[in-house]
Amino acid sequence: MSEKEKGHPPDEDLVRGALAGDEGAFRDLMERYKRRAYGVARGIVGDPDEAQDVVQDAFVKAYYRLKDFRFGSNFYTWFYRLLVNQAIDRWRKTSRSPTVPFDDAWVSGETSDPEAMVYPKTPEELAENRQLSEGLTRAIAALPEYHRTVILLREVEGLAYEEIAGILDCSVGTVMSRLHYARAKLKGALKGFREG
Amino acid sequence: MDCTKTREMIQDHIDGRLSPDAAGAVRGHLGGCRPCAAEEEELRRVGDMLRLWSAVQVGERERKLSPLWTRVRAGIEERREPGLSRLLRRWFWVPAAAVVAVVALLFYPSDGTRAPFHPKSFDVTVESLESDTATVALVDKGEGLPRVIWIIENGKT
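These protein sequences, in sequence, are chains F and G. The opening residue of the first sequence carries number 623 in this note's numbering; numbering runs sequentially from there. The opening residue of the second sequence carries number 13 in this note's numbering; numbering runs sequentially from there.
This is chain G alone, in the form it adopts within the complex (with noise of 0.2 Å):
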């Protein structure tokens, strides 16, 4: 077997590849040629570090692979939500942005109609009031009659 012969073959007798009768060929030249010799050799040598520098690299990952199965389990049950639930998660943004406007509207009115609504425009004040239940109110003392807007009631409203 000649060295063109051989090179074309060399990949095969590598990966084992070759029938008995032609594995046992490509030895017999490698094992007279120095530069085919060291043509399979380089070959060999890729494997080798290949496996060595993936042994590397999960070795230096180890310590992060060990909890591996608790981000599996939670991307199962992520997976598991009832597809209502997961879509209602997905759009969630659109009552939220909602709830944002109306609460923008409420203080800064675009028609012009009427004045903002803004905190400003209270005189509230805390008092007490005689009663066993209730415990403290806010009373808005503004135009007219003063009108209680909120009572706290043993500490719940």
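This is chain F alone, in the form it adopts within the complex (with noise of 0.2 Å):
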């Protein structure tokens, strides 16, 4: 469902708020994605603090940014540009081993018995699951920075290849074989796991 269609004003008319000068427009835009903002920069620094750090440097950026803003495009592809950026220049920086070696027992986990793990359904449930949680953490930290960015922007903001490719100023090519990559090394990693 559209924010519109939720009774919410459409992106576009709280960015032209904020261009006429109406900050509590921009603080809405930004209510309505801090938490999707988070998720995507959470999986590529790693480092929460330094997430939340690269979330608000974006809205910032965002904020004197905005008249650069071309309407008939969507507002989000256009933050995602400024945030993924902002995100992998971030973990450039910070990041004291740019590669950790895969290995898909931080998953499976040497001591389980696959046939005994459950998949978890609900948020609630892989929270409690820590090795699984954990694991993929590091599964996922384990991916270059672009195949973890295409692969959860694909996979948890659902934003099409033409999109993605947009926000990484790639091909919808190499959007695809990045996916490819990051799902296979995944889908390792996750293999260990049977449903009960």
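Rather than coming from a laboratory, the hints here were simulated on the basis of the structure. A few of these clues could be false.
Over the 12 Å line for every Cβ pair with chain F, so calculated as not near, a few chain G residues [unchecked claim]: (1) Met13; (2) Ala34; (3) Gly36; (4) Gly43; (5) Cys45; (6) Ala67; (7) Val68; (8) Gln69; (9) Gly71; (10) Arg92; (11) Trp105; (12) Pro107; (13) Val112; (14) Ala113; (15) Leu118; (16) Phe119.
Each pair of labels, with its calculated beta carbon distance range [said to hold, decoys possible]: (17) F/Ala642 <-> G/Ala50: 53 to 61 Å; (18) F/Asp711 <-> G/Cys15: 20 to 28 Å; (19) F/Lys715 <-> G/Phe104: 23 to 31 Å; (20) G/Asp27 <-> F/Lys743: 19 to 27 Å; (21) G/Phe119 <-> F/Lys689: 50 to 58 Å; (22) G/Ile88 <-> F/Glu747: 33 to 41 Å; (23) G/Thr82 <-> F/Val794: 35 to 43 Å; (24) F/Asp669 <-> G/Arg29: 16 to 24 Å; (25) F/Tyr803 <-> G/Thr82: 36 to 44 Å; (26) G/Val111 <-> F/Thr796: 51 to 59 Å; (27) F/Tyr686 <-> G/Lys76: 20 to 28 Å; (28) G/Thr16 <-> F/Val794: 36 to 44 Å; (29) F/Lys689 <-> G/Arg19: 21 to 29 Å.
Keep in mind that this is a model prediction, so the values were computed, not measured. Yeah, the Cβ is synthetic: ideal placement off N, Cα and C, and Gly gets one too.
Two chains, two separate frames, one set of hints: put the complex together.
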């Protein structure tokens, strides 16, 4: 359901308001996207505090660049471009080890009985399964930054290939190959689990 | 459709990028091929787990995300400062360092031409003055005549 269908003003109206000096309109935009933005930033930079800083900086930057927004395009893809660039820059500056070796055992666990594993169906169930939750965190961190960005934008944000290509300034073919690689790696990491 | 062709198309099938005909052909193959169906299920599970993982991360951060506007607004105001003000703030350490250097040279002159300016060389006492306004005075009682060096008047210097 779109924001308009929910009775909320569409993004473009809020952008117009913010450009006219209505700070409340910009705040509404921020409130609308801050959780999703944090989810993406958290996946890219890894650290929760760094991710929140990235989100904050991206919104400040967006406020001053709002005049560059092209009406008719999506606000969130425009904003995600700022956010993702900010997150990748931050990750490169703060990351001590750019590539973590990938290890399927992070998720499957050597002592776990794969047949006994049950995949969680809700965030609460995943939060309770620390082994899987932490394993996923490490498996995501082990992906190259552009691969994890692509898979987060596709699977979590549900963006189209074309939108991801626009955000990352690359071709749709590159998005497809990065997505294929990331899915294969994460699938390998999850392989030890079997639904009960 | 064979397994090789199906595997090539699974990603597009998951992402809804196939034409209705092609999607139907893939579904037809998956219905009768357990290995390919398992492959598709595992790839879909990656997406399911990522969405749950992200929801967990956001949920754990919810409390700290609530006051985000305060921080964003502060960031906006900080960037709104006039350029000169920002420049002065950025280079504040220059005059601060100069003050420290002057004070250090005052107490410990490096040219050797005069004695260090040091509180020990003073013989200062606090005396009251017979005046309607002045309440306290610091008096230098060193060499020569006593000299008033500081007056504290009604609590103000």
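Compute the least Cβ-Cβ separation between G/Phe119 and chain F, then decide whether it is above 12 Å. Holds: least Cβ distance 42 Å, greater than 12 Å.
Please settle this one: G/Gly43 was flagged as non-interface, so is its CB more than 12 Å from every CB on chain F? holds (20 Å)
Could you say whether the range 50 to 58 Å given as a hint is met by the Cβ separation of G/Phe119 and F/Lys689? holds (55 Å)
Outside-interface status for G/Gly71 - nearest CB in chain F farther than 12 Å: violated (6 Å)
Would G/Ala34 pass as off the interface with chain F, using Cβ distances and a cut of 12 Å? Per Cβ check, G/Ala34 is outside 12 Å of chain F; nearest 16 Å; holds.
Taking the minimum C-beta separation from G/Met13 to chain F, is that value above 12 Å? holds (19 Å)
Assuming the hint says 23 to 31 Å, is it satisfied by the Cβ distance from F/Lys715 to G/Phe104 or not? holds (25 Å)
With d taken as the least Cβ-Cβ distance between G/Arg92 and chain F, does d exceed 12 Å? Since the minimum Cβ distance to chain F is about 9 Å, G/Arg92 lies within 12 Å and the statement is violated.
Do the beta carbons of F/Tyr686 and G/Lys76 sit within 20 to 28 Å of each other? Check passed, 24 Å falls within 20 to 28 Å.
Does G/Pro107 sit more than 12 Å from chain F, CB to CB? Non-interface label stands for G/Pro107: nearest chain F Cβ at 29 Å, farther than 12 Å.
Could you let me know if the closest chain F CB is still more than 12 Å away from the CB of G/Ala113? holds (34 Å)
Would G/Ala67 pass as off the interface with chain F, using Cβ distances and a cut of 12 Å? Non-interface label on G/Ala67 violated, nearest chain F Cβ at 4 Å vs cutoff 12 Å.
Of the numbered hints listed earlier, those contradicted by the structure are 6, 7, 8, 9, 10, 18, 24, 28, 29.
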